[in-house]
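Colleague: Quick note, the sequences are listed as chains F and A, same order.
All letters in the first sequence, in the order written, are residues 18 to 252 by this note's numbering.
All letters in the second sequence, in the order written, are residues 18 to 252 by this note's numbering.
Hints are computed from structural coordinates only; laboratory data are not their basis.
Just so you know, not all the hints are guaranteed correct.
Identical chains blur together in the list; that is why a pair holds if it fits in one copy or across any two.
Stated by the list, open to error - Here are the computed lysine to aspartate or glutamate pairs in the DMTMM-like style, where the Cα-Cα straight-line distance is at most 20 Å:
#, residue 1, residue 2
1, 122, 200
2, 220, 232
3, 120, 232
4, 212, 119
5, 192, 61
6, 145, 232
7, 145, 49
8, 212, 232
9, 211, 232
10, 212, 74
11, 118, 190
12, 122, 204
13, 214, 232
There are 2 protein chains.
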Amino acid sequence: MVLDVRVVLVEPLYQGNVGSVARVMKNFGFSDLVLVNPCKLEGEARAMSSHARNVLESARITGSLAGAIEGADLVIGATGITGLRQDEHLRLPVYGPREIKDKLKGMSGTVALLFGREDHGLTNDELKTCDMILSIPASAEYPILNLSHAIAIVLYELSDARAGGNPLAEQFDLKLLHEHIAEVLEDIGYPPHKKDKTLLMFKRILGRAQLIPREVQTLRGVLRRIQRNFGKRYK
Amino acid sequence: MVLDVRVVLVEPLYQGNVGSVARVMKNFGFSDLVLVNPCKLEGEARAMSSHARNVLESARITGSLAGAIEGADLVIGATGITGLRQDEHLRLPVYGPREIKDKLKGMSGTVALLFGREDHGLTNDELKTCDMILSIPASAEYPILNLSHAIAIVLYELSDARAGGNPLAEQFDLKLLHEHIAEVLEDIGYPPHKKDKTLLMFKRILGRAQLIPREVQTLRGVLRRIQRNFGKRYK
């Protein structure tokens with residue numbers, strides 16, 4: 018088993034960038050490219066893909082982010098703007114490419130890397146679907162990298178971390194876990210205005226921890242017991 | 018004293034690449050760009066440099082490699098084709114970007130990074146002027162990176178920019194969190210023979226997630242609420 022890396026470009030605006038991304042994917046031995054509502058892909062995209070035209074041409078095109086991340090066990094979103102709103106869980110904490118690599122080392126499963134539009138990146142809603150947030154540490158004066166440069170750096174790091182042994186928990190089981198946590202927050206009368214933020218925090222913490230299947234089951238066992246406990250004492 | 022990094026492009030063929038290189042230099046806080054007999058630099062170069070037009074416009078243009086590396090304390094040449102002629106010292110030994118970084122750590126002075134033409138790289142004579150040879154480990158199937166991608170990766174390694182650093186939670190607060198979890202397991206009558214294992218699992222999961230201080234506080238808030246809930250219903 019190995020770590021499969023899927024590159025997802027969300028609404029890329031410039032075909033040259035898409036071609037460049039295909040090229041650098043092939044340079045590092047990756048080929049699973051998904052494009053969500055991309056710009057037109059014509060001669061310039063092919064030219065920039067150079068000898069990776071096969072990666073460009075076999076890219077899967079989807080109309081929604083949900084379709085693009087289907088089947089991925091871990092979703093990592095890239096952002097160039099970090100720490101702007103320190104009060105939110107949305108963009109925090111943020112990991113650099115090397116830290117992401119260290120976290121994924123020895124894992125197996127499918128990791129989807131999400132990169133947003135060249136001008137506005139990923140929307141807040143798109144970032145909310147992510148288990149981890151990635152940002153490339155750069156100069157404060159001009160921190161926004163070209164899209165394909167950012168991907169080149171991330172794939173350079175990840176090409177190192179590929180042969181994995183620990184299977185990641187399945188996305189489906191993680192979803193049940195998240196729903197279960199939401200249920201418990203409901204049970205304990207958690208303040209509604211804080212609920213979404215706290216759920217997002219749980220998603221992020223558990224995403225960063227890269228749970229294995231047995232851990233998901235044990236966590237759900239603890240939650241069931243907490244709930245049973247409420248019930249028992251109610252009666 | 019710090020390490021000054023100079024990027025030298027030897028006879029670049031495509032102005033878009035030169036602009037892209039200027040951009041990624043600024044992204045990582047570098048600005049010393051030297052061009053040896055470059056192609057024409059016009060609108061496309063400026064467009065690709067984006068907000069790094071100042072780096073592009075202040076690039077020094079020379080007619081010879083000797084002029085470009087003048088004043089440099091160490092000259093490192095990049096090559097995409099390694100090991101083709103294992104009998105020669107010319108391209109051997111070769112270092113990856115991370116190894117170069119490790120070797121330069123703690124050094125001060127000026128390092129010139131030489132990158133050759135997009136089609137034929139550096140000539141043998143040019144490689145002979147280099148103190149070290151750099152190559153980016155890539156897929157054997159297609160090892161030749163786009164010029165600006167290669168430079169992005171090398172500068173990423175060489176930059177010590179530390180944007181997006183997350184302060185870790187203090188060990189003391191983590192200990193309180195673990196004790197709090199143990200307390201809740203006690204409250205819910207968790208089976209004693211499973212308790213140690215489950216506590217260890219929590220420790221591992223939270224350890225892997227590298228919590229930030231605010232997350233520890235939010236988690237403890239959830240636990241307090243769970244406990245209050247037991248209490249309320251007890252009475």
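Colleague: Please write out, lowest number first, the hints stated earlier that are contradicted by the structure.
Modeller: Those not satisfied are hints 1, 4, 5, 7, 10, 11 and 12.
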